Amino acid sequence: MDAATMTRPDLKALITDVADAIVSHADELTTLDQAIGDGDHGLNMKRGFEAVKADSAAFAEKPLPEALKAIGTKLVMTVGGASGPLFGTLFMTLGKEIAAQPGRADFTVALAKAIDAVAARGKSQPGQKTMLDVLYPVQAAVAAGKSPLEIADLADAAAEATKPLKAIRGRASFLGDRSIGHMDAGARSTALIVRAIAETLEADA
Amino acid sequence: MKNVGIVIVSHSSKVAEGTADMVRQMVGEEVPLAWCGGNADGGLGTQVGAIMEAIDRAWSEAGVAILVDLGGAETNSEMAVEMIGEPRSQKIVICNAPIVEGAVMAATEASGGASLKDVVATAHELAPA
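Going down the list, the protein sequences come from chains A and B.
Heads up, the final residue of the first sequence is numbered 205 in the working numbering, and it's a clean run with no missing numbers.
Heads up, the final residue of the second sequence is numbered 129 in the working numbering, and it's a clean run with no missing numbers.
Derived by calculation from the structure, the hints in this document are not laboratory data.
Please read these numbers as outputs of a predicted model, since none were measured by experiment.
Don't take every hint at face value.
Stated by the list, open to error - Here are the simulated PhoX-like cross-link-like pairs (lysine-lysine), alpha carbons at most 25 angstroms apart as the crow flies:
no.	chain 1	residue 1	chain 2	residue 2
1	A	Lys123	B	Lys117
2	A	Lys12	A	Lys96
3	B	Lys2	B	Lys91
4	A	Lys163	A	Lys123
5	A	Lys146	A	Lys113
6	A	Lys123	B	Lys2
Generate the whole structure from the sequences, applying the supplied hints.
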C-alpha cells in the first residue's frame, strides 16, 4: 500500500478479489455469527459482495473516490442487517474523504475518518468485540508504514483477539458473558477484506 | 396529508404488517402509514431500500416518525434517513419506543394533528427508563 501502488491499483482486480474472499468464506462467517449473533452475517455479506462483483467493471471505470462511494452504496442497499450500513459507511466515507490519486498519507487520513464514521454509525468503540477491533489496528499499521502483508497478518491477529472480548454492541451483546470465547464475525469479515486487498496490492507491486 | 406519517420497520414482515393492522384498526385512516420487514431473500432482516420506500409511502410535510424493533432495524433506518438527505431528513425521526405500543401511541397522537415533536415525545414516554 505504498504511494506507487495506491496511485494505480488494478481496481477491478481489487474489487473482484475482495468479493471472492467474502463469498468463499460465507459459510465460515455464518458459523461464527450463529455462535453469538443471529446467523445471517455470512449470507448477508455474500449477497452484498456478489452484487458488488457483478458491477465490478462499472465501478472500476470510475475515479477511485466515486468507485468507493458506489461500492458503499451498493453494500448498503444489498447486504441488509446491521452489516450493510456499517460496511457501506466504511466504503462511502473512504470515497468521500480520499484523494483521486492518494498517496499513503492521504489514504491514512481518509481511512481514519472512514473508521470513525463506522464507529459513529454503530455507536460503538474499540474493545466491544466488533469490526472496529480490526479496523483501528489496521489504520495504525497503515499510518506506521507497514507492508500490505504485515497489515494483513495484523488484521488476522486482531480478529483472533476478539475471542476473549465480551460483546457490548449488536445482537451478541444479548448473550453477555456467553459471547466470550467466540470470534466476532464482523471482525473476521474485515480481516478477510484487508487480506484480499493486501495480497492484490502485493501481487501488483 | 397534514398529519405526521408513521413507518414501521421490523425484521419480520409479519410483525411489521401486524403492527400496521393494529394501528389501522385502533387509529383509523387519518394517518399516513407504511411498513416494511424482511430481507431480500424473504428471511428475517431489514433493508435500507425498503425503508426508504416506506418513508416515501408514508410521507407527510408534517414529518414521519419511524418505529423499529431490534438493532439492525435502527441502524438501517438511520442509514435510510441519511440517504434520503436534506431537507426531508430533518422531518424524519426514529423513535426510541417498543414497536407495537409505540406505533399505536404515535399514530393516535398524529391522528389529532399533533406536531412531529409531540408525536415522537408520546412514543418516547413508552421507552424503558
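Hint by hint, here is what the structure shows:
no. : hint                : verdict
1   : A/Lys123 - B/Lys117 : holds, 23 angstroms
2   : A/Lys12 - A/Lys96   : holds, 19 angstroms
3   : B/Lys2 - B/Lys91    : holds, 13 angstroms
4   : A/Lys163 - A/Lys123 : holds, 21 angstroms
5   : A/Lys146 - A/Lys113 : holds, 19 angstroms
6   : A/Lys123 - B/Lys2   : violated, 34 angstroms
Of the numbered hints given earlier, the model fails hint 6 alone.
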